[in-house]
Amino acid sequence: MLDSYLPIITLIVIALCFSIGSVIFSRLIGEKKPTAIKLSPYECGMPPVGSARERFSIKFYIIAMLFIVFDIEVVFMYPWAVMFKRLGLFGFVEMGVFILILLVGYAYVWKKGALEWE
Amino acid sequence: MTPEMLSLSNSPGLFVGIMLLKLLVVFSVTMLIVAYATWCERKVIGHMQTRLGPMRTGWHGLLQPIADGLKLFFKEDIIPTEATRVPFLLAPMMILVPALITVAVIPFGPDLKLGGFLIPQQITDLNVGVLYILAFAGLGIYGIVLAGWSSNSKYSLLGGVRASAQMISYELSAGLTIIAVFMLSETLSLREIVALQQQDLWGVCSFVPNWYVFTQPLAFGLFVITGLAEINRTPFDMPEAESELVSGFCTEYSSMKYALFFMAEYANMIVIAAITATLFLGGWSAPFNIAILTMIPGFVWLLLKIFALMFFFMWLRATFPRVRYDQLMRMGWKVLLPLALANVVITGLVVVILQ
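Those protein sequence lines, which keep their order, are chains A and P. Residues in the first sequence are numbered consecutively from 1, following my numbering. Residues in the second sequence are numbered consecutively from 1, following my numbering.
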């Protein structure tokens, strides 16, 4: 267990040190002449109008929700795919039924227009 | 005495030493490719547009990446007053770190014998290797969303939201596409997947290896497309569409923090190329079973395949215009997803019939 994950933990530490180190280093040697205009959000040279924390299209929420639902199904298929040759016809029919149920939901989402962007 | 696999239990000192050596080599090679991929991309696209690309720094601009890096180090690090500071600082690291650590499971050669031990040429061989890659590819999205939201700028927010919707849509198809490969390989370990691809093609033709690109051509094509969309490369570079969103989620970033986004983009490109090469193009194995070709060390073949794929990505950038956002989402959900699902079913059907 530790054999396989020790290198990954070490690599995470190296990558973190690299990114934190380079940000700190550039802060130390970089120029610092902040002005009020420079620190305001960019808006094509105009003074910024209103806040950016506005509401945005509900489409994005729907996509996120659909992703969670479908991604769980996909993850569910991984162990099945690895065992597939040993399960044979039984496994195939079993997954066929599962995919069919999945397709019903997919067709419903499509028909409802959740995948439309205008 | 048959050599046994080097592990923490039979020789802890050697294990840690070799591990650090491998980490150091892989990390520096990745960073070197990241640096020179930027130069290469500018050169390739330059020549495709009958320009020369960078020429001033060093021979044919070879020192350009170093000059760029130095310049970014000396730039002013701006944190906008309206930004939410902590996520603003964390976001670039949250993108770069997952991009850099996914290379850990890519095998780059056969096992080496050293003093009675077998040393795998791979940082670590996880039995869930592919799930590990998908998990960390998913983590990168957090960085982009946080960068977009915490900047508190309209362009950044739009870029971040677009990027997240695009990445999760295509991650779905990517995850579904490679299931067909695991149905054939019966393993998620990349080491074993490469070993399986060294067998004879369909068990008959001993000259050509059993690369999964031959058995799964549709999955290969789908994976390249979804991979491109997941790393936000042209023609799917909606999140940083410079003609409408300035620079997308990294509009407000400057200095080294901006450089981290840039590095992450190229590191992701390397990762996608490496995964495609490992899953479909035989990883580090030679293309034909000829003695001269198999004598060349494995990492050379892996790097050649990665470079070929990266060249292909750059070529696409020079060729295709950006797709529209609604077209992009329609393609992801209404074309790629059903195709990937159909590919799984067809693969299953063929395997069952052949059994």
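Do not rely on the hints blindly, as some may be mistaken.
To be verified - Simulated pairs of lysine-lysine, DSS-like, Cα-Cα distance not exceeding 30 Å: (1) Lys-22/P - Lys-113/P; (2) Lys-334/P - Lys-111/A; (3) Lys-113/P - Lys-38/A; (4) Lys-75/P - Lys-59/A; (5) Lys-334/P - Lys-33/A; (6) Lys-33/A - Lys-71/P; (7) Lys-75/P - Lys-38/A; (8) Lys-112/A - Lys-22/P; (9) Lys-112/A - Lys-32/A; (10) Lys-59/A - Lys-112/A; (11) Lys-71/P - Lys-32/A; (12) Lys-22/P - Lys-32/A.
As the list claims (entries may be wrong) - Some but not every residue of chain A turned toward chain P, in silico, with C-beta under 8 Å: (13) Thr-35; (14) Asp-71; (15) Phe-76; (16) Lys-85; (17) Glu-94; (18) Val-97; (19) Phe-98; (20) Gly-105; (21) Tyr-108; (22) Lys-112.
Stated by the list, open to error - Label-pair ranges, simulated between beta-carbon atoms: (23) Lys-71/P - Cys-44/A: 41 to 47 Å; (24) Cys-44/A - Val-25/P: 42 to 48 Å; (25) Met-55/P - Trp-110/A: 38 to 44 Å; (26) Phe-90/A - Ser-9/P: 35 to 41 Å.
Since the hints were derived computationally from the structure, they do not count as laboratory data. Glycine is no exception: its CB is placed at the ideal position from the N, C-alpha and C atoms.
Does Lys-38/A sit within 30 Å of Lys-113/P, going by the straight-line distance between their CA atoms? violated, 59 Å
Next on the checklist: Checking one constraint from the list: CA of Lys-71/P to CA of Lys-32/A, max 30 Å. Satisfied?
Outcome noted: holds, 15 Å
30 Å Cα cutoff - pair Lys-22/P, Lys-32/A | Not OK: Lys-22/P and Lys-32/A at ~39 Å, beyond 30 Å, violated.
Does the CB of Tyr-108/A sit less than 8 Å away from some CB of chain P? It is violated, given that the least Cβ distance between Tyr-108/A and chain P is near 13 Å, above 8 Å.
**Minimum beta-carbon distance criterion (8 Å), Gly-105/A to chain P** = violated, 12 Å
Hint Glu-94/A vs chain P: min CB-CB distance below 8 Å?
violated, 11 Å
Against the 30 Å threshold, does the CA-CA distance of Lys-334/P and Lys-111/A hold or violate the hint? Roughly 12 Å separates the two Cα atoms, so the pair holds.
Requested in this report: Could you grab the alpha-carbon distance between Lys-112/A and Lys-32/A and see if it respects the 30 Å cut-off?
Outcome: Violated. Lys-112/A to Lys-32/A sits at ~54 Å, over the 30 Å cutoff.
With the threshold set at 30 Å, check whether the alpha-carbon distance from Lys-112/A to Lys-22/P stays at or below it. violated, 52 Å
(message) The hint names Val-97/A as touching chain P; please verify it with the least Cβ-Cβ distance against 8 Å.
(response) violated, 12 Å
TODO: For the hint on Phe-76/A, just tell me whether its beta-carbon gets within less than 8 Å of chain P.
DONE: violated, 10 Å
* Holds or violated: Lys-75/P to Lys-59/A, with C-alpha atoms at most 30 Å apart -> violated, 38 Å
Checked against the numbered hints given earlier, this structure breaks hints 3, 4, 5, 8, 9, 12, 13, 15, 17, 18, 19, 20, 21, 22, 23, 25; the rest are met.
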